[in-house]
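A.B. asks: Protein sequences, first through last, are from chains A and B. Residue numbering for the first sequence follows the working numbering, beginning at 33 and increasing consecutively. Residue numbering for the second sequence follows the working numbering, beginning at 27 and increasing consecutively.
It should be emphasised that the hints constitute simulated quantities derived from the structure, not laboratory data. Please read all numbers here as calculations on a predicted model, not as lab measurements. Glycine included, C-beta positions come from ideal geometry on N, C-alpha and C. Please note: incorrect hints may appear among the correct ones.
Claimed, not checked - Among the chain B residues that face chain A by a calculated CB cut under 10 Å, a handful are:
(1) Phe34
(2) Tyr48
(3) Phe78
(4) Gly173
(5) Glu176
(6) Ser177
(7) Asn217
(8) Glu374
As the list claims (entries may be wrong) - Simulated DEER-style distance windows between Cβ atoms:
(9) Ile166(A) x Glu310(B): 42 to 50 Å
(10) Arg156(A) x Gly311(B): 54 to 62 Å
(11) Glu126(A) x Glu227(B): 39 to 47 Å
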Amino acid sequence: MTKQADVIIIGGGATGAGVARDCALRGIKALLLERGDIATGATGRNHGLLHSGARYAVTDRESAEECIKENMILRRIASHCVEETDGLFLSLPEDGLEFQAKFIEACRAAGIRADAIDPKEALRLEPSANPAMIGAVRVPDGAVDPFRLTMANLIDAKAHGAEVLTYHKVTELIREQDRIVGVKAVDCRSGEKKEFRAEIVVNAGGIWGHDLAAMAGVTVKMLPAKGSLLIFGHRVNNIVLNRCRKPADADILVPGDTISLIGTTSSKVPFDEVDNMYVTADEVDLLLREGTKLAPSLAHTRILRAYAGVRPLVASDDDPSGRSVSRGIVVLDHATRDGLEGFITITGGKLMTYRLMAEWTVDLICKKLNINKKCTTAECKLPGSREKEEKISKRLHSVPVAQRESAINRHGEMAERLDVGDAAARSLVCECEEVSVGEVKYALNELDVHNLVDLRRRTRVGMGTCQGELCACRAAGIMAEAGKYCSHQAKQDLVSFLNERWKGMAPVAWGDTLRESEFTMWLYDGVCGLKNEKTE
Amino acid sequence: MMTEQSNFNFEQCIKCTVCTVYCPVASVNPLFPGPKQAGPDGERLRLKHKGFYDESLKWCLNCKRCEVACPSNVRIGDIIQAARIKHSTKKPGLREKMLANTDFMGSMATPFAPIVNFSVGLKPVKVVLDKVIGIDHRRTFPKYSFGTFESWMKRRRKKQAKYARQVSYFHGCYVNYNNPQLGKDFVKVMNALGVGVQMLEKEKCCGVPLISNGLIDKARRQGEVNTASIRKSVVENKWPVVGTSSTCTFTLRDEYPHLLDIDNADVRDHIELATRYIYRLLAEGNVQLRFKKKAPVRRVAYHTACHMEKLGWAYYSIELLRMIPGVELTVLDSQCCGIAGTYGFKKENYPTAQAIGEGIFRKIEASGCDVVSTDCETCKWQIEMSTSKPVVHPISLLAEALE
């Protein structure tokens, strides 16, 4: 079968989703193809930090300016994905105060509010901060939920006519003379081979864009840099904590939803490892050692899991750490660069600038397609962020508090579409994160969910401290009931979900985390008799 | 509140949910989300934002049976109570103040005890209390005594001082205003063991009704007064502090540091329950109790109060009762009777309280006992109101059997 669109976007990260939305809002028919689920690459594997840009102010002025502009835009258009926590840059005795003056000056030059505050005041604002600090600067950092952000972009894109196909892997770019005219793809779930044609194909594949470019016969040299992070069991801090020094390893602690995250490390990895990242013991040690300098209580806080992502940096020099590479946005028009029409690569940048990356890309698309439409994504609010939380909360007053607030945090005004009318729909699937049966069903019906991991990204099922112990089997049951899969597949999905959870726990498997995972295994293996049937 | 490390005590929860299985409220009242969700799960959400606080936590009766059941040492009950203290926006009303201020109510009522007791038993008064204030009309009030225990004790100070060994007695409001006889029985038993009984320099209500009715600052002030007096008794005079009420004793020992931020680590181990103190004194082998020669057969059913279960000391009361000649003892399954202090008095809690207690009431009736014994005064009110049996404190049964 062959399908037609104006633009094909390859990659369902924040950038791809942003491009799809921007296209749709400008009346361009977009088709997004994603080989797995949305936000599975770098988009979903970072701090979830709503950068103020302060981190880059001294070293990369351009990035800093982009960050603060986008920061302010996201607060407005994506309020349900953003937590306005503010951030503190702490100077510890070992850092000295020298950097601070330079830092404040650079921030202000980039348009970032930066106020030096008394360490005592900083400690009052954020009691978890290291009391040994000798200086603190307050900046407008925040937290952003990348899954929610990506989904909201896709929901809006679809509402404006875009089509989104997850689990569709591009196998070939169709080239006719000096022009890319479409792609061949395989539906990973059914095995069906499909062909799609469009005027323009956009490579928004992140680190995998390297291979996509190669498929088109052009070279985009990427530098995969692995970054590992630790997730703590609960919110340790309510304000983002940074170190006031040159950017280094493990110097950002971000409160995100119910947890806190410390990261990251940075190391070069070969391309054949980017699909399967493991966090090493050394990385865990480093993250903990540096993390406790920001917030000493991390030393005795339960660690939920560890994970790693790959930064899709465009190699501009051969710096081995990958840090001095500019995080600047790279839009490559392969027509002018390589003489190949109909193919655009959008890369570099960062989660913070996904919208701007999309804007530049779609500006280029418009130019190519001779469309004269202005970008409106900086003004149009994303679905979920169109109403004040308090208002929605009032309308949903009959739903139990924690369940109501959680659903509104996750879905904004879309929470009103959840069917939680009766006791059965209000019963909880995930007790740690207060996900109701109604919310799971909403996700299954409307948010492109095909398995438990997808469901986790939409609802936080399995993201709490129990890591699937109580919720995974309930959710699998609902999915089987809803006809998403048969009971055999449900079991397989359950096994793979639990294994995926274990992968994140393994590097930090001690104390209560180990105890709980042992209990989970005892429940599923010992009581329920769940076995991995494939391996038997 | 709590130490830095134990602040995150909820992290030890591995979601086994056995606390919810043992929660007396969760099994009868679907409006209560259960200890796991209200406690460790909820705490994690409340750390994210205080807006996650749910007023349904008021259904928790603070029995601490969740903590007894927990295999991970999570202080679930404390977490729930601390959350109520920190986040509840419901201001205590007239009813809460009436129920909580036991000292004030007691000192007002005891001089006019016969009139007060008569009037609160009248139907029109009950209807008014129910409709206007919200105290359930089906509830029977404990009778006030005519004259307090403290005034009785004051007259005996000199005589008590003659004993070589001394203890301070934390009598509690119930003994002082409602049942001085229990206090007198305690003095009788202690004297029989060669121990003199002193009063604390200052004794205020332990604070448990204040805590559960949201009057935290007052509870803390009273707790500080009590702890200072206890410290004086324990540290200066070397007299341990002994109580007859399991809940008062538990509060002085554990609720003070856990909920009121009162550091009592230096004296906590010297705050004792009467039956445990006596049992251990007898176990030393230097003294003996002499019982009446002719003892009639008495079938006693022992009820383990919730805070007794939490203290883990029911054993001492049970073994003391077994020592009494003629007593045929049945130990009832340890279950909450539902009243939980002032909880069961409130109109909205009445159905929950009675549904919780139903099982234990049936077992009491079926046991064929003559009398129920328990270390908690509010269990006594509940069981006497809800069954046909009288309830007597183990110390009173002991005193009665003495020669």
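A.B. asks: Does each hint hold? Answer for all of them.
C.D. replies: Consistency of the hints with the structure:
A cut of 10 Å between beta carbons decides the hint on Phe34(B): the least distance to chain A is about 6 Å, and the hint holds. Annotation: Tyr48(B) was flagged as interfacial toward chain A, and the flag is violated, the nearest CB pair being 17 Å apart, outside 10 Å. Interface hint at Phe78(B): satisfied, since its Cβ lies 5 Å from the closest Cβ of chain A, which is below the 10 Å cut-off. With a least beta-carbon distance of about 48 Å to chain A, the hint placing Gly173(B) at the interface is violated under the 10 Å criterion.
With a least beta-carbon distance of about 44 Å to chain A, the hint placing Glu176(B) at the interface is violated under the 10 Å criterion. For Ser177(B), the shortest C-beta to C-beta distance to chain A is roughly 49 Å, which exceeds 10 Å, and the interface hint is violated. Given the 10 Å rule on beta carbons, the hint for Asn217(B) is violated: about 50 Å separates it from the nearest Cβ of chain A. Checking Glu374(B) against chain A by beta carbon gives a least distance of about 18 Å; that is not within 10 Å, so the hint is violated.
Look at Ile166(A) against Glu310(B): about 59 Å separates their beta carbons, and that is not inside 42 to 50 Å. Against the hinted window of 54 to 62 Å, the Cβ-Cβ separation of Arg156(A) and Gly311(B) comes to about 58 Å, which satisfies the hint. One distance hint, 39 to 47 Å for the beta-carbon pair Glu126(A) and Glu227(B), is violated here, with the actual separation near 53 Å.
In the structure shown, a violation is registered for the earlier hints numbered 2, 4, 5, 6, 7, 8, 9, 11, in ascending order.
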